[in-house]
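Asks: With chain A's structure known, arrange chain B on it following the hints.
Number of protein chains: 2
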Amino acid sequence: MTAPDPALLSLNTATVRAQWTLAQIIDGCARHGIRRISPWRDQVAKDGLQATAAHLRATGLELSGYCRGGMFPAPDAAGRAAARDDNRRAVDEALTLGAPCLVLVVGGLPKDAAGTPVSKDLAGARAMVRDGIAELLDYARPAGMPLAIEPLHPMYAADRACVNTMAHANALCDELGDGLGIAVDVYHVWWDPDLAREIERAGRARAADGTSRLLAFHLCDWLVPTHDLLLDRGMMGDGVIDLPLIRSWMEAAGYRGAHEVEIFSANHWWKRDPDEVLATCKARHATAC
Amino acid sequence: MTAPDPALLSLNTATVRAQWTLAQIIDGCARHGIRRISPWRDQVAKDGLQATAAHLRATGLELSGYCRGGMFPAPDAAGRAAARDDNRRAVDEALTLGAPCLVLVVGGLPKDAAGTPVSKDLAGARAMVRDGIAELLDYARPAGMPLAIEPLHPMYAADRACVNTMAHANALCDELGDGLGIAVDVYHVWWDPDLAREIERAGRARAADGTSRLLAFHLCDWLVPTHDLLLDRGMMGDGVIDLPLIRSWMEAAGYRGAHEVEIFSANHWWKRDPDEVLATCKARHATAC
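Which chain is which? The protein sequence lines are A and B, in order.
Residues in the first sequence are numbered from 1378 upward in steps of one, following our numbering.
Residues in the second sequence are numbered from 1378 upward in steps of one, following our numbering.
For reference, chain A alone in the conformation it holds in the complex (with noise of 0.2 Å):
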């Protein structure tokens, strides 16, 4: 493999997000040449949707994507009413912000207001995520914004995400059609058999106007040992991820888009100088992927 284009570097601002402001990463990113981010939606509310939009416009930063909606499940209709609402409000976010995408995290079982899940009803909850996300659609698809399905790690299944493989997120986006896609996520994704056979097939499958299934992906790395279920992710090349490998299946599947630096490490990188962060992503960037 080619070292990637070093253009194609986007910074997923949940990788400093412990450090600095939203705004702090705008110019971060801009100081260090980094041309594109994904920012996260609690971020842009707390600096505020209209000045992020004119802070980009000002930096020329592109999104590669916006996180996120989802969370579709819920133990009633009001609960289910309720994320149907805020999901709109994300894609109108992603549109005012100019995303390529809004990434869906769609949720696990539904839970109480405390988050403690209320049922044990998986296959109900991946109908709730499969109805949630057919809605959304109609809400996103005459906006123009595409909707990414992020396949989470098994590990996620009960609290954050049931939709665990590609092979599911293909065939949610086989059913429920164009306007909807993938974001391909190595933390989650790489143990799977299947990887290559399924990022080939979200490749083949295109909607009727071109648009490719593929529409993000996401690097970082599995460190052994991994010390906490979330918050303890690697930088590229600091576990075992054959990160070039991947990267060779979504170019042989037609991805050209950008590649996302997403690492979520409380005690590693999160405690680190952020400028430090930044450079050490564009180097492995350079090195590792």
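Don't read these hints as lab results, they were simulated from the structure.
Where is the CB? At the ideal position from N, CA and C, for every residue including glycine.
Cut-off 25 Å, straight-line C-alpha distance, at most; resulting in silico cross-link-like pairs (DSS-like, lysine-lysine):
1) B:LYS1659 <-> B:LYS1648
2) A:LYS1659 <-> B:LYS1497
3) A:LYS1648 <-> A:LYS1659
4) B:LYS1648 <-> B:LYS1423
5) A:LYS1648 <-> A:LYS1423
6) A:LYS1497 <-> B:LYS1659
Just a sample of chain A residues kept apart from chain B, beta carbon distances all over 10 Å, derived:
7) THR1379
8) LEU1440
9) ARG1518
10) GLY1521
11) LEU1553
12) GLY1554
13) GLU1577
14) ALA1584
15) ALA1643
16) ALA1660
Replies: Same frame as chain A, now just chain B:
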């Protein structure tokens, strides 16, 4: 679902390994009327193989499995030969103890002596697993010791087992033939959208002598939140797994074997009075499985 037959309850000895020696566990099970156990090799080595076999005979306890063989991938031929020899000893021990199967935790990426992965070649590791099982079958099959592949949760793909789905285990069984089956542990497979189908597939596939591929069924629960990747499993009923549903799939597929409780729980069950743990296992087997 009606409650399961209490006679099917088995204790995987890891469940109280922090509190009791194997001899104490055997006596404890006999005292609580738990008639089956599944011991670990290190515990057997500590108490002595022949002494353990005699103790089992004296108490009349039967095994539901023997933990464990596997760990096939290694960086070099010497490492793989060492794994082969060790696995043959595990087969011998399983025969001495009268185990119905030797459970295989197949291993992840090849590691150095310190346990650090030295390769990112997951497909290569999977090939080593296939070759290692094939070679071990040549030893175990004529000896009459079935091998049970235990697909492990994808979060263990790097360091413990690179067979992470029932589909992968079924494919290995299809390829390698008689004498090989599957240990279904709910903790590892509950999230899989193909679980019902793959259990049914395993039930349909029978050896020439009519033996089922479904060799073992392990119970515990998935806690939300889970605080540790390895040592934070829950007691049946304390988590989100629909245990009666999965048991119904096993039974529909013809499984009539033991229900083996296996709970690694450093901060909860390993700190409780082991008699209380055993009583809780019995109670939850009756009410939550």
